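Enquirer: Chain by chain, the residues:
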Amino acid sequence: MIRIENVSKRYEKSYAVRNLSLTVAKGELCCLIGPSGCGKSTTLKMINRMIAPSSGTITVDGVDVHEVPVATLRRRMGYVIQSIGLFPHMTVLANIQVVPRLLRWEESRSRKRALELLELLGLSPDTYGGKYPAELSGGQAQRVGVARALAADPQILLMDEPFGALDPISREHLQNQFLAIQQELHKTIVFVTHDIDEAVRLGTKVALLRDGRLVQYGSPEQLLAAPADAFVKKFVGLDRALKRLSRLLAADFLHPANSVARQAPPELLEAEFRRLEGSDCARYLWVTDEENRLVGWVDGNNTTEKRLNMLEDLVEIDPADISVRPGYSLKQALAMFVQQSVACLPVVDDERRLQGEIRLADVLKS
Amino acid sequence: MTRRRRSLLPRTILLSAAAVYIVLASWGGIWERLLSPIMPDVQEYLYPRVGLWTLTWQHCVLVSVSSTLSILVGMGTGILATRSFGRDFLPAVNSLVSVGQTFPPVAVLALAVPSVGFGAEPAIIALFLYGLLPVVRNTVGGLEAVTPAVREAAMGMGMTELQALWRVELPLSAKVIMAGIRTSVVINIGTATIGATIGAGGLGAPIITGLASDNTAFILQGSILAALFAIIADAALDIIENQLGPASTQAGEKEDGQPQ
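In the order they appear, the protein sequences are chains G and S. Last residue of the first sequence? That's 366 in the working numbering, and every number before it is there in order. Last residue of the second sequence? That's 626 in the working numbering, and every number before it is there in order.
Don't read these hints as lab results, they were simulated from the structure. Since the structure is predicted, the reported quantities are computational estimates derived from the model, not experimental observations. All residues carry an ideal CB built from backbone N, CA and C; glycine is no exception. Fair warning: there could be bad hints in the mix.
[Unchecked claim] Label-pair restraints from in silico Cβ distances:
| id | chain 1 | residue 1 | chain 2 | residue 2 | range |
| --- | --- | --- | --- | --- | --- |
| 1 | S | SER392 | G | LYS112 | 52 to 60 Å |
| 2 | G | GLU106 | S | ALA473 | 43 to 51 Å |
| 3 | S | ALA458 | G | SER36 | 33 to 41 Å |
| 4 | G | VAL70 | S | SER481 | 44 to 52 Å |
| 5 | S | ALA458 | G | SER137 | 40 to 48 Å |
| 6 | G | PRO69 | S | ILE606 | 33 to 41 Å |
| 7 | G | THR127 | S | PHE469 | 53 to 61 Å |
| 8 | S | ALA385 | G | LEU103 | 51 to 59 Å |
| 9 | G | VAL70 | S | ILE606 | 58 to 66 Å |
| 10 | G | LYS112 | S | PHE469 | 57 to 65 Å |
| 11 | G | SER124 | S | ILE606 | 31 to 39 Å |
| 12 | S | ILE606 | G | GLU116 | 32 to 40 Å |
[Claimed, not checked] Partial list, derived from the structure: chain G residues whose beta carbon lies under 10 Å from chain S:
| id | residue |
| --- | --- |
| 13 | MET77 |
| 14 | ARG148 |
| 15 | VAL363 |
Can you make the complete structure from the sequences, with help from the hints?
Expert: Structure follows, in structure tokens:
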């Protein structure tokens, strides 16, 4: 647990951070966010004493950081910076092994750890282990940067705009990967960013700073649903409703699906449609095969009039085009609703098995 | 490592210059054979007072003592001036060393003689001061060229100042520092010939005697050997410099232009 209490950092004329108090609980991913010059980086760097506070105390698990020798303190915290700062004269493996070597781990242990981390970050140890930083792309280099910070298995990670210099595609990829890793490792992370989407996406807590003061601190949902003042409202953006949707999972809005088996006789089909009449999703029936896999849908508007054989009327589709995965955010689901201009979408798992459906009405209400 | 520049040129130069030197210094008769056709009036073709190998040894001592001092003091100053506590002295160090370079070595010799007398000592002092500049300049330049991000990463990971210097900053600037050392040593080899004017001996002795007695053969002897000496040292240091790692590691620039 990191506890920042009444911390200020004063430069000759102005305050970079003013009387800031903030507690980051164990396992939390706290995003420090704000416009440039708001003191978010300064705050981060005071935790590992890259910058000394002018007043106030910072404790980690109850111990004042200034009571621990600075090198020891830093070796216990992973540190990732935007400009990555890999050591150009060392191979990827040697870069990752820096802290374990400073801690005098046995060579075999630190090497094994470095190989594991490369694997964890999706870089093949055989291909990348022996490369030099100059041979890596930006995304690969920052992966090595993250691996290096994790090398000695610190409980705390300090990340200063780690994905800020990457192109949007690598950034999103790395964010996803990083989230997955964090779900496994449960580190306590302080993460500086200026990108509200990134903060909302990654953070379990978001601290919004302005002019060195803490403006609002809470979960991303709280920040988006109830901005403390006009500044927060403006900062989170006009599309904050949409951003909120990106935090919600389709899986939490599942309804039982209205479906029929592919071999069902037309009478059953008719009965189903009659039963549905008047409900939100009266128009479509999802069609599944013997193993409950989604194969298509029947449009109710046609069937009632023409009384065609169901198989003839079946719209065969690639389920990927119209279905939603339980892990999708409501924002992604909304995009699909708009694209297909429907009010209902089927939810399928990785094997295309029908899990249920989600309704546009729920998305709009949430 | 495949990225090291594997040029055979310095090795070829080193071996051939060394071979020529050994022949010229060991076989006294060769000077008469080579020089009598072009300068028949000279009475004596080989410097008679001291053997050429002895002169070589004296020259070696002058250069190695003064260069070792230049390297130690120069690197030490350069390192101290780039530490956080010594940064205030950086401009002072830079201008002081530049002033040292504008002083002609003869003037330093002239000033050194009254204080330490004739012989090798004043020559070594003059050469030491003269060789400082390239070492200090390149040490400062090499260390300053290490990207701030790399230094920040080193400190942020929990390296002490000394560890950051030893494991990161010096390896990254080794090539630049070595280039400074090379310049310094080569300059010193040439300048050391002046030491003969105050009795320091070395390959300058035949040159000074030749100038005094109007013997061109002596002048050629001293200058050709001193020149070969400089070429040998230059090639040897060039080889060492290339061993110090790929140039692409210099200051951490990236081929794909990673945005900062």
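Enquirer: To test your reading of the hints: which numbers does this structure violate?
Expert: Hints 2, 9, 15 contradicted; others consistent.
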